[in-house]
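Please build the complete structure, drawing on both the sequences and the hints.
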Amino acid sequence: MATFIAMVLAAVLTNNFITVQTLGICPFLGVSKKTSSAIGMGVAVSIVMALSAAVTWPIYEYIMVPLGFDFLEIIVFIFIIASLVQMLEKIIQKLSPTLYNAMGVYLPLITTNCAVLGVCELVIDKAAMVSLLGGASVNFLWAVLYALFAGIGFTLIMVIMSGLRERINHVRTPKYLNGFPISMVTASLICMAFMVFTYIA
Amino acid sequence: MINLLSALGTIDADTWITVGIVAGILLAMALVIVIAILIVGKVFKVNMDEKVTHILENLAGANCGGCGCSGCAGFAAKLADGSGDLSACHVTSPEKKAEIAKILGVELKDEQPEVAIVKCNGGNENAVAAFEYKGNPTCAACNSLMCGNKVCKSACLGCGDCKNACPEGAIELIGGVAHVDPDKCINCGACIVTCPKHIIERIPVKAPVYVACSSHEKGKEVMKGCKVGCIACGLCAKKCPHGAITIVDNLPVFDYDKCTGCKTCVEVCPRHIILER
Chain C
3 MATFIAMVLA AVLTNNFITV QTLGICPFLG VSKKTSSAIG MGVAVSIVMA LSAAVTWPIY
63 EYIMVPLGFD FLEIIVFIFI IASLVQMLEK IIQKLSPTLY NAMGVYLPLI TTNCAVLGVC
123 ELVIDKAAMV SLLGGASVNF LWAVLYALFA GIGFTLIMVI MSGLRERINH VRTPKYLNGF
183 PISMVTASLI CMAFMVFTYI A
Chain U
4 MINLLSALGT IDADTWITVG IVAGILLAMA LVIVIAILIV GKVFKVNMDE KVTHILENLA
64 GANCGGCGCS GCAGFAAKLA DGSGDLSACH VTSPEKKAEI AKILGVELKD EQPEVAIVKC
124 NGGNENAVAA FEYKGNPTCA ACNSLMCGNK VCKSACLGCG DCKNACPEGA IELIGGVAHV
184 DPDKCINCGA CIVTCPKHII ERIPVKAPVY VACSSHEKGK EVMKGCKVGC IACGLCAKKC
244 PHGAITIVDN LPVFDYDKCT GCKTCVEVCP RHIILER
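Chains as they are written, first to last, in the numbering used here: chain C, 3 to 203; chain U, 4 to 280.
Honestly, I wouldn't trust all of these hints.
[Unchecked claim] Below, in silico cross-link-like pairs of lysine-lysine (DSSO-like), each with a Cα-Cα straight-line distance of 30 Å or less: (1) Lys187(U) - Lys177(C); (2) Lys45(U) - Lys96(C); (3) Lys92(C) - Lys54(U); (4) Lys36(C) - Lys166(U).
Just so you know, the hints here were simulated from the structure itself, not pulled from any lab data.
Dropping the structure here:
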């Protein structure tokens, strides 16, 4: 239980993928104009993160390390994630058209998302996982759970950002800050606020 | 190549073997993934409507969202099942639109070039203020507070959200009312989407006159809120020699195909709100 709480805190707050590790910035700035699309993107990223961690972890642990080509991890992971998302898109389109309409447009955007690659790289890194969750946590289940909660942390930031951007539309900003610059200022303020959480780690 | 590699360390047979193994692994993986994707694609094949694909090929593919659908694919699907209107797209060229109309089996309406126009003439002078507004100087914020600070609920709030939205700088605020410069307007629709009062509309470029009021209230209510509001007296509709004006929902509506620009309506309007362009 203590490990679980530590894992949730680490994934969502102290090691948040957007604000602390600065991964997945493109969807953070690109798809955060409306709360509805931010939630769609967040859910899609969470699912893909958990799925790709579940696929890449055993491949790394049981195939790549024993055969001694673990140095190829980035190429292999990108390969696997991209094709996984392609297949996932097709499967969702067939099985649930409603879900596809809600989520489908965001899936191709995730194919080479650095947050997804980042979480796969992180959960296979034993030293990093031990420092985050303690020694008992280096196994498949924790890796997938960590990836899932990292996705939820990603969704949280997306929702906060989109809410703030919607509010900014109601306020007159100076001409030189209008549009994208004020979003960058907002993003930096969110990141500063979340830096506070790094001190409880 | 050899020189470049030798800078990194000694090159011997082992290096080339490693390179070969890596290339082999990646090629094998690519092969496996290609087969897997092909199988998934076959098993989970979705029968796309051929009509939709054809329409999609002919659309501009800008995915601008100007039609209100999520991208061109959504618009194509809407067109195919008959719920969409082809004229909603302002990006696709007329030739391509004719092609799509042929696929759909409908007749393409002759499209006239249009410009945006602000259908309000109130402003600081004429539209009565309900209260003094001192909040954020944007129409969106003002409108969120009791539907704006004017008695008339269809009045231009004069904060200039449309002016900020306009990419061409075609909108000016004159006396608390926005005015669109028809020469600069590119008919993009940014102001139409932005205006919280929905009082900016498209009219044909050749339209000689327009009604500078958007209030659907009855005459008595309009009188309370504005000196230049339409009271729906119907004089313009009666006096128009070409029958181009009908009163719909307390506002005159022009049929610009019939209008000849005789300006009779401009003269008879007791409130002087049918304006020349």
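**Request:** Check each numbered hint from earlier against the structure, then list the numbers of those it violates in ascending order.
**Result:** Per hint list: zero violations.
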